[in-house]
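**Q** Work out the full structure, taking the sequences as your base and the hints as a guide.
With mature numbering (1 follows the signal peptide of the UniProt record, and there is no 0) applied, the sequence shown covers -22 to -1, 1 to 81.
One or more of the hints may lead you astray.
What the hints assert, rightly or not - What follows is a set of in silico ranges between Cβ atoms, one per label pair, in the way DEER data are often shown:
| no. | residue 1 | residue 2 | range |
| --- | --- | --- | --- |
| 1 | PRO45 | GLN17 | 12 to 22 angstroms |
| 2 | GLN17 | ASP38 | 11 to 21 angstroms |
| 3 | ASP5 | PRO34 | 31 to 41 angstroms |
| 4 | GLY44 | ARG72 | 20 to 30 angstroms |
| 5 | ASP3 | ASP38 | 34 to 44 angstroms |
| 6 | ASP60 | ALA16 | 31 to 41 angstroms |
Keep in mind the hints are simulated off the structure, nothing from the lab. All C-beta atoms, glycine included, are put in the ideal place defined by N, C-alpha and C.
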Amino acid sequence: MIRTLTLSLASALLFVGLPAQARGDRDREQDNLRAAAAQGQVIPLGRLIAEVRSRPPYNDMTYLGGPQFDARRMVYALKFMDGNQVVVVYVDARSGRIVGRRP
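**A** Put into structure tokens, the structure is as follows:
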């Protein structure tokens, strides 16, 4: 009984620590991204968003915010609203080139 309780408590403590670790990874990723932007290795996010929003057909869509970044591919996923449909645009963080779109 005590052993089961101890294992349950230990498992619970491990799960509680996961969000903090994930947050730490995200903070580290953001720091690396800021440093890369400062060194000119990637285009700053604000400029990327402005460039995409200025291009047709995205200039007629509403930008929804909440960009996501894939550090392995160095690609941002930007969400736009086109009428009643969400459009996700994938943008290379180094070149600003649109590399994909869904749908």
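**Q** The structure should be examined with respect to each hint, and the outcome stated for every one.
**A** Right, here's what the structure says about each hint:
no. : hint                              : result
1   : PRO45 - GLN17: 12 to 22 angstroms : holds, 20 angstroms
2   : GLN17 - ASP38: 11 to 21 angstroms : violated, 34 angstroms
3   : ASP5 - PRO34: 31 to 41 angstroms  : holds, 36 angstroms
4   : GLY44 - ARG72: 20 to 30 angstroms : holds, 21 angstroms
5   : ASP3 - ASP38: 34 to 44 angstroms  : holds, 36 angstroms
6   : ASP60 - ALA16: 31 to 41 angstroms : holds, 34 angstroms
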